[in-house]
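Protein chains in written order, with the numbering used here: chain A, 28 to 365; chain B, 28 to 365; chain C, 28 to 365; chain D, 28 to 365.
Rather than coming from a laboratory, the hints here were simulated on the basis of the structure. One should not assume that every hint holds.
A pair counts as met if it fits within one copy or between any two copies, since identical chains are not told apart.
[Claimed, not checked] Derived lysine-lysine pairs resembling DSSO-like cross-links, with alpha carbons at most 27 angstroms apart:
1) K304 to K47
2) K223 to K204
3) K88 to K349
4) K122 to K349
Number of protein chains: 4
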Amino acid sequence: MIIVLRPDATEAQISHIIDKVTKLGLKPMVSRGVERTIIGLIGPEDVIQAQPLEAYPGVEKVMPILKPFKLVSRDFRPQSSVIDLGNGVKIGGEKIIVMAGPCSVENRDGLIAIAKKVKAMGASVLRGGAFKPRTSPYSFQGLGEEGLKYLDAARKETGLLIVTELMDIRNIELVVKYADIIQIGARNMQNFDLLKEVGKIKKPILLKRGMSSTIKEFLMSAEYIASEGNLNIILCERGIRTFEDFTRFTFDVNAIPAVKSLSHLPIIADPSHGTGKWNLVSAVSKAAIAAGADGIIVEVHSNPEEAFSDGEQSLLPENFGKMIDDLKKVAEAVGRKL
Amino acid sequence: MIIVLRPDATEAQISHIIDKVTKLGLKPMVSRGVERTIIGLIGPEDVIQAQPLEAYPGVEKVMPILKPFKLVSRDFRPQSSVIDLGNGVKIGGEKIIVMAGPCSVENRDGLIAIAKKVKAMGASVLRGGAFKPRTSPYSFQGLGEEGLKYLDAARKETGLLIVTELMDIRNIELVVKYADIIQIGARNMQNFDLLKEVGKIKKPILLKRGMSSTIKEFLMSAEYIASEGNLNIILCERGIRTFEDFTRFTFDVNAIPAVKSLSHLPIIADPSHGTGKWNLVSAVSKAAIAAGADGIIVEVHSNPEEAFSDGEQSLLPENFGKMIDDLKKVAEAVGRKL
Amino acid sequence: MIIVLRPDATEAQISHIIDKVTKLGLKPMVSRGVERTIIGLIGPEDVIQAQPLEAYPGVEKVMPILKPFKLVSRDFRPQSSVIDLGNGVKIGGEKIIVMAGPCSVENRDGLIAIAKKVKAMGASVLRGGAFKPRTSPYSFQGLGEEGLKYLDAARKETGLLIVTELMDIRNIELVVKYADIIQIGARNMQNFDLLKEVGKIKKPILLKRGMSSTIKEFLMSAEYIASEGNLNIILCERGIRTFEDFTRFTFDVNAIPAVKSLSHLPIIADPSHGTGKWNLVSAVSKAAIAAGADGIIVEVHSNPEEAFSDGEQSLLPENFGKMIDDLKKVAEAVGRKL
Amino acid sequence: MIIVLRPDATEAQISHIIDKVTKLGLKPMVSRGVERTIIGLIGPEDVIQAQPLEAYPGVEKVMPILKPFKLVSRDFRPQSSVIDLGNGVKIGGEKIIVMAGPCSVENRDGLIAIAKKVKAMGASVLRGGAFKPRTSPYSFQGLGEEGLKYLDAARKETGLLIVTELMDIRNIELVVKYADIIQIGARNMQNFDLLKEVGKIKKPILLKRGMSSTIKEFLMSAEYIASEGNLNIILCERGIRTFEDFTRFTFDVNAIPAVKSLSHLPIIADPSHGTGKWNLVSAVSKAAIAAGADGIIVEVHSNPEEAFSDGEQSLLPENFGKMIDDLKKVAEAVGRKL
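Looking at chain A on its own, in the form it has when it is part of the complex:
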């Protein structure tokens, strides 16, 4: 940590800071420049970070040196993590994983039908929401446990793994019972109590980036899960909120190599939410794979115009199939398989 003092900081203020930090067991290194004095602090980073140093008299600003995350950082584990999802499916290695399915689980037969199609086209995980975070209280809120049962039926029929969202901490046992991968949605990325609870289970967690979260905050939320003991975390870039309104969100493709440089965890892309327009999904999926993503999660619906949610960003199965053919070529071009 570096403390930059104001140009009018007094000697008394400087001494006060030195005393305080010394008592905390830190070693201050004072450097007096022409225009500013700065104090570097050496010692345990957690002790340093806990201090509200900007509140000290005479301080102009405080600059952290170290990254605030530990367990999920590449400094902690230099090799990329490969996470076993069950059924022989692994994410983070050579193979790129495709998760596909409808936004919401709507009915049993439709779900099984779409599950069969996406499996035949190359998906290994079925997505589908039983509990839906909707902006309006008057919109469809999901089928709840009934939806989970349909997902279970689709799994039994197809052998696909299931990823579904957990929104309410009170439903954790229920969702864990049915899901192979527990999704934490963008709106809950900083629901810290929920993060701690899923940190206590062992199943893989799909953590979506919050729509206004920085990459650092995203990794700090993963750190919450990791700090409770669960390192089976799959990160997901799903678009951030910007001023651009032609697309629903701005897919942050920079985040893929950035996260790869900072963390050992796998990261996948959600081009359906990242664009909000089905006709941009294929291009952005290709971009994500080319940039190094370990997988994609895509909304596919047999009849988007009757979807209960997100119809405008869902692919028809035939378009999904065509996209997968394209993605295979891109995956190979970057030394991966799909």
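Starting from the known structure of chain A, arrange chains B, C and D on it as the hints suggest.
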């Protein structure tokens, strides 16, 4: 709802849309311009909004006509709501309400001391977090129920009302037991299950705007609470996330008159989070009152450099007192009292 | 400047950096922590800032200590600048200055009529665009020199000072001939050649903040003008671009006290562009004055529905008059006059 | 254009609007819903767009139906444009074009050396700034005409085409004399006078997206150039400004397929500015090509740590060469050549 068709939309596609919406009980009005055909839909707005019209073949875009919120809108209730907080304190009327206190509850005696000071200076509500949403799992997470007990003790000593944050739905009974006003923090503004639960109680809810939420989404989250029966909602503008990094957030002063024009609910300002710098708090508080805010919520700490959280944005009691004197004059200038 | 090294930085890389910066006349101070080595640089800041230190092998990040602006900073001149606009009108002191008029100059008689009205209501400067920056090439582009002549006629009739925008560097003599204050618009805030040219004249410059400029970049653009010799600069906060789309821009009220803390230059507010909605202009004007602004610049039009531009954000003269009455009270409440 | 009336709009207000628009030669279509009356306008879109309809009494909001750009839109020209850059180099077709070189032109020999290297590795255009837009007036501002002469020398030595930035309208003849492609930088994307001037020449224009410009505004700026007669426009996505601060800008990969769907113009990617970090450039270049970009423009420097500008985002020639090898595979995977 207005459906704008693509320039190449076929007659078959147009007929298909007309058929579909007619079956849903809506009345389509077709208007054929030189470059585009558009279809207006007349009928129950909730039926219309539930359709993924952008997924229909031939559709270029869909434009909503009506605001998506109802119970919280000024169309629904033209007069401004005045909410009774207890103890004779009301918000939304002529009197501007001051909520003040430390970011976190840290210890019993310190809390009571600061409570006495802010009360003497004009506050009628004591703020203080017992459960703290922290970006890092390694930061202080709050004292939990012990903190709530200290708040209760401070209430008994001073007669101040208590506002404190509810983060975890499992703690709702606990927090309701101690708090006069339940705060839903910015990170939980779209924790829809939590919103529904606090909609079932009768105590006033302080709903903070999410850091990347539009004004519409903010009001939709209030609508979640209202739709369960609780209209005792106090909105709080606390700064949004933008590219500006000199301040912690960008306090959106536009939101104050904008919300007042759209909704009958009272709105207060949080200049501590909205700026992140204690030396900007007074100027932004004055601005908020001048713009029409019904109150402010401010972090005050007797010794910011030893605060467990947010020390850099906390006012010393003497600065808080000076600010209140200034705010009284501004309140009077806009026809209010403080 | 602080250089933070990567955890895997080698001794050879560290020596290489030390050699390089020593040759540049800088004094490196090396501090070896447990997890990172950091190097502080002491010496002339302009030499340091010119080096692409992040490109050196082994470097993780580089953190500047000092603010990059000098002449416009409060460190350079602790007292607030008061700028003489002519006609006895001064900005930056006790008196709050009102600039008002139509977005575009449209015709001679209408301009003179509105000038008389805003003067009677308290304005001391007439605004009006003769050259208009319009998003579309098919929109009205301004009357050019004819518009400047109408402004001149209005000045002669009313005694108001004239502020008008300079867009094209080739028109500088023309605009200087007619205007009392030269406006540099938001879209030209980083048109550095234009900034340098207006730095060579002596007339006051009204510099609007770019819609995506940080406060630092805003002050750096002022520094461009100042570095050529013209310190008669009036800054103008006019709203920044964010995700919020209910308002045209987000008026950054934080910027007012922030700029006041960093710079000695006066700052005014443009609530017309800052909100884009005439019914929010009064509330945001009051907020800006309460926050410490030295003036406002407002669009007023006798017949907004026939305005050639920005009709939706223009006040009718009667609403402007009412607003000025309110602003007088707010100005007094914060110890100013209007 | 659709006019949505307020719920309290009177019959007199409705009649007033109908009268007004009828006199303008437009045909109003009134539709009275339960909660709102709306008026659709049919007629010449340019007449409609010029009216400040939101300023009419009784109007709640106005929603445009048509895109505001014409000449650059895909509705106007359905086939993708292929632009001849000279020397047999064409952009917009099967072949992906690589533009590479230093940020600033620094000296003759260094420039020629790097030009030879990037040519050997696959570039067909040499980039290099002779006039540099720098945030600080104290930073290196470019060599001016001397720099243009060095570019000319490098062209003669290598046969590469030259792209360089025009900042100051007064230098247009000078830059046109030396450059094959004229670059309009992000900070000048809305310098409308400059756009009009480069619309009058015939040389290809490389138009960079403004850092806070929407896709629509980007295309409107291209429309400015086109409306003066020059349709030889190459668009360039170079990153937008968001809250994310780990990267210098957020490269908006969505914009590539979005622009392709809206416009017939070619679009290239600038991953150097789009990320600001050399170690992310390769991944984002691959992403851009996979998403459909027609080319890339990349900063390459033989010795980034001595670059006069942007050293931290420049590739070493060997990394550039390695990247080109990777890009060739990605280009092939999406049916292109490089």
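Okay, the hints, checked on the actual structure:
For the homomeric pair K304 and K47, the shortest alpha-carbon distance between copies (22 angstroms) is at most 27 angstroms, but the shortest distance inside one copy (55 angstroms) is not. For the homomeric pair K223 and K204, the shortest alpha-carbon distances inside one copy (18 angstroms) and between copies (24 angstroms) are both at most 27 angstroms. In this assembly of identical chains, K88 and K349 lie within 27 angstroms of each other by CA distance solely across copies; the values are 25 angstroms between and 53 angstroms within a copy. Taking the closest pair of Cα atoms, K122 and K349 come within 27 angstroms of each other both inside a single copy (19 angstroms) and across two copies (23 angstroms).
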